[in-house]
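Colleague: Protein chains in written order, with the working numbering: chain A, 1 to 228; chain B, 1 to 50; chain C, 1 to 245.
Keep in mind the hints are simulated off the structure, nothing from the lab. From a predicted model like this one, the values you see are computed outputs, not experimental measurements. Treat the hints with care, since some could be wrong.
What the hints assert, rightly or not - If you want a taste of the chain A side facing chain C, the calculated C-beta under 8 Å gives, among others:
1. L40
2. L172
3. L204
Said to hold, decoys possible - Listing some non-contacts, in silico: residues in chain C with all C-beta distances to chain A over 10 Å:
4. L23
5. G167
6. E227
Don't be surprised by glycine CBs; every beta carbon is placed ideally from N, CA and C.
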Amino acid sequence: MTLAPDLRRVLTIAGKDLAIERRAKANFNAVVFLAATMLLLFGFALGPDAAALRAAAAGVLWLTVLFSGSLAFNRSYQTELEEGALETLLLYPGSRKSIFAGKLLANLVFILMVEAILVPMAAVLYGLSFGDGLGGVALALVLGTIGFVTMGTFYAAMASRLRAREVLLPLLLFPMLVPLLVAAVEVTAAFMGQSPFAPTGRWLTLMAAYDVVFLLATMGAYDFVIDD
Amino acid sequence: MASEWSYVVGAYALTWVVILGYALRLRYRLRRAAEELAMAQPSSPPKREA
Amino acid sequence: MTEATDTRPVATRGAPQAQSGRLALWGVVVLLALIAAQVYGLLESPPDRDMGHLQKIMYVHVPSAWSAFVAFLVVFVASIAYLWTGRARHDLIAASAAEVGALLTALTLALGSIWGRPTWGVWWTWDPRLTSTAVLLVVFVGYLALRAFTDDFERRARWSAVVGILGFLNVPVVYLSVRWWRTIHQVQSAPSTVDTTFAWGLRVNAVAFLLLMIYFVRERYRVASMEHLLEATIEERELRGSHGV
Numbered sequence: 001m002t003l004a005p006d007l008r009r010v011l012t013i014a015g016k017d018l019a020i021e022r023r024a025k026a027n028f029n030a031v032v033f034l035a036a037t038m039l040l041l042f043g044f045a046l047g048p049d050a051a052a053l054r055a056a057a058a059g060v061l062w063l064t065v066l067f068s069g070s071l072a073f074n075r076s077y078q079t080e081l082e083e084g085a086l087e088t089l090l091l092y093p094g095s096r097k098s099i100f101a102g103k104l105l106a107n108l109v110f111i112l113m114v115e116a117i118l119v120p121m122a123a124v125l126y127g128l129s130f131g132d133g134l135g136g137v138a139l140a141l142v143l144g145t146i147g148f149v150t151m152g153t154f155y156a157a158m159a160s161r162l163r164a165r166e167v168l169l170p171l172l173l174f175p176m177l178v179p180l181l182v183a184a185v186e187v188t189a190a191f192m193g194q195s196p197f198a199p200t201g202r203w204l205t206l207m208a209a210y211d212v213v214f215l216l217a218t219m220g221a222y223d224f225v226i227d228d
Numbered sequence: 001m002a003s004e005w006s007y008v009v010g011a012y013a014l015t016w017v018v019i020l021g022y023a024l025r026l027r028y029r030l031r032r033a034a035e036e037l038a039m040a041q042p043s044s045p046p047k048r049e050a
Numbered sequence: 001m002t003e004a005t006d007t008r009p010v011a012t013r014g015a016p017q018a019q020s021g022r023l024a025l026w027g028v029v030v031l032l033a034l035i036a037a038q039v040y041g042l043l044e045s046p047p048d049r050d051m052g053h054l055q056k057i058m059y060v061h062v063p064s065a066w067s068a069f070v071a072f073l074v075v076f077v078a079s080i081a082y083l084w085t086g087r088a089r090h091d092l093i094a095a096s097a098a099e100v101g102a103l104l105t106a107l108t109l110a111l112g113s114i115w116g117r118p119t120w121g122v123w124w125t126w127d128p129r130l131t132s133t134a135v136l137l138v139v140f141v142g143y144l145a146l147r148a149f150t151d152d153f154e155r156r157a158r159w160s161a162v163v164g165i166l167g168f169l170n171v172p173v174v175y176l177s178v179r180w181w182r183t184i185h186q187v188q189s190a191p192s193t194v195d196t197t198f199a200w201g202l203r204v205n206a207v208a209f210l211l212l213m214i215y216f217v218r219e220r221y222r223v224a225s226m227e228h229l230l231e232a233t234i235e236e237r238e239l240r241g242s243h244g245v
């Protein structure tokens with residue numbers, strides 16, 4: 001098996017999923033508005049003290065990403081399950097891992113776009129100023145989102161096909177994200193200037209290692225969850 | 001001192017409640033499964049190997 | 001430790017009566033071992049310098065944690081074995097060990113809380129071991145929930161095996177991340193001062209708990225294989241019924 005045809009398959013599937021999303025903008029808009037609402041609600045829950053809000057901002061931002069983003073994963077399979085499209089997709093020649101990689105890529109683009117709107121919004125609402133930390137925050141967002149989307153796309157492959165999908169996906173997914181959440185919040189807070197002495201290099205390494213380990217593990221295991 | 005002992009007694013009591021409770025629950029489930037199995041296969045021996 | 005991950009078959013259809021008798025006998029042995037170990041632990045250990053009599057809680061808390069971890073190791077090994085061989089037995093062992101492991105983990109956390117309250121003055125602290133244990137519990141609660149919601153046997157076995165393997169792999173990563181996190185945020189941790197009399201009490205109780213865990217897994221496995229057989233019987237009867245018409 002050569003790489004090129006598989007890569008083309010991955011891009012085709014990702015392009016197809018993103019085209020569906022683009023045509024039905026309602027979903028993207030709904031996720032963004034939900035995320036914005038959550039940022040407001042967290043603000044009300046934490047109280048109007050500006051310093052307290054700033055200190056909690058990194059955690060709030062990541063929880064908002066996790067909760068609103070997790071709504072996207074089941075959807076990415078449900079469009080396939082309607083009208084038996086998944087069966088047809090499975091019949092095409094080539095590795096099934098490319099279905100996973102394609103969906104992963106599409107979800108990654110989707111969540112990163114949500115974040116691109118969410119982060120400036122959080123900066124305004126919580127009075128954040130990134131300064132030189134902007135590149136670091138972006139790196140943390142990308143590394144954290146890769147891991148998040150990998151796990152989300154993987155667990156949704158199972159959860160989306162069950163009756164209890166709405167509760168089962170977060171139940172399976174969120175405990176697995178604990179190390180990623182801890183690292184992402186620490187790094188983001190550090191680059192926002194909240195904890196200047198935090199060992200950011202170590203946290204970024206942990207996130208990168210998490211991404212690599214679970215990307216390989218889920219890729220390896222994908223045939224077991226999709227093959228039926 | 002007395003309150004210290006109450007935590008110790010509480011911990012051991014909880015342990016035994018959990019152990020005996022689960023053991024009894026397994027007994028009950030086993031009995032029920034056996035009954036249902038006996039009802040599901042009337043007289044004929046099980047043919048299928050699971 | 002590896003002897004504990006015994007995944008030998010428990011033949012349920014060979015001689016159920018003899019099997020049942022042997023397991024019941026084993027239950028009595030486990031019960032006596034537990035009582036003996038706890039009596040030994042309680043009598044032999046002098047009150048700890050720092051912890052006083054509260055230290056006695058450690059004789060149930062720590063063995064419960066260890067045997068829970070061994071149970072999850074069984075889930076991990078049996079899940080790999082299932083994906084490798086596709087034999088129903090391995091899936092049923094994994095499911096049994098997961099339920100027992102979750103129960104013992106919940107007990108561990110509750111006992112830790114009971115110990116922590118008089119020691120630290122709080123029911124909960126963000127100690128790495130405590131927190132990792134809590135994450136372990138929710139991961140395997142998710143595993144059990146997935147099983148409960150998946151109807152098809154073959155699919156349930158395959159999916160839960162994958163979830164079990166990934167969940168187990170996640171544990172060291174969680175532990176590492178929480179430890180780093182803690183060193184930054186300065187949270188108090190469990191003292192690791194262990195003198196020799198205490199260590200012996202701990203070892204004896206650990207063995208007793210390990211036996212208990214194995215007994216539970218085997219009992220639970222018997223339930224699981226009987227329920228599996230029931231499922232297959234009903235399915236077969238329905239199939240035959242529809243063919244007969």
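Colleague: Of the hints stated earlier, which fail here?
Modeller: Per hint list: 1, 3, 5 violated.
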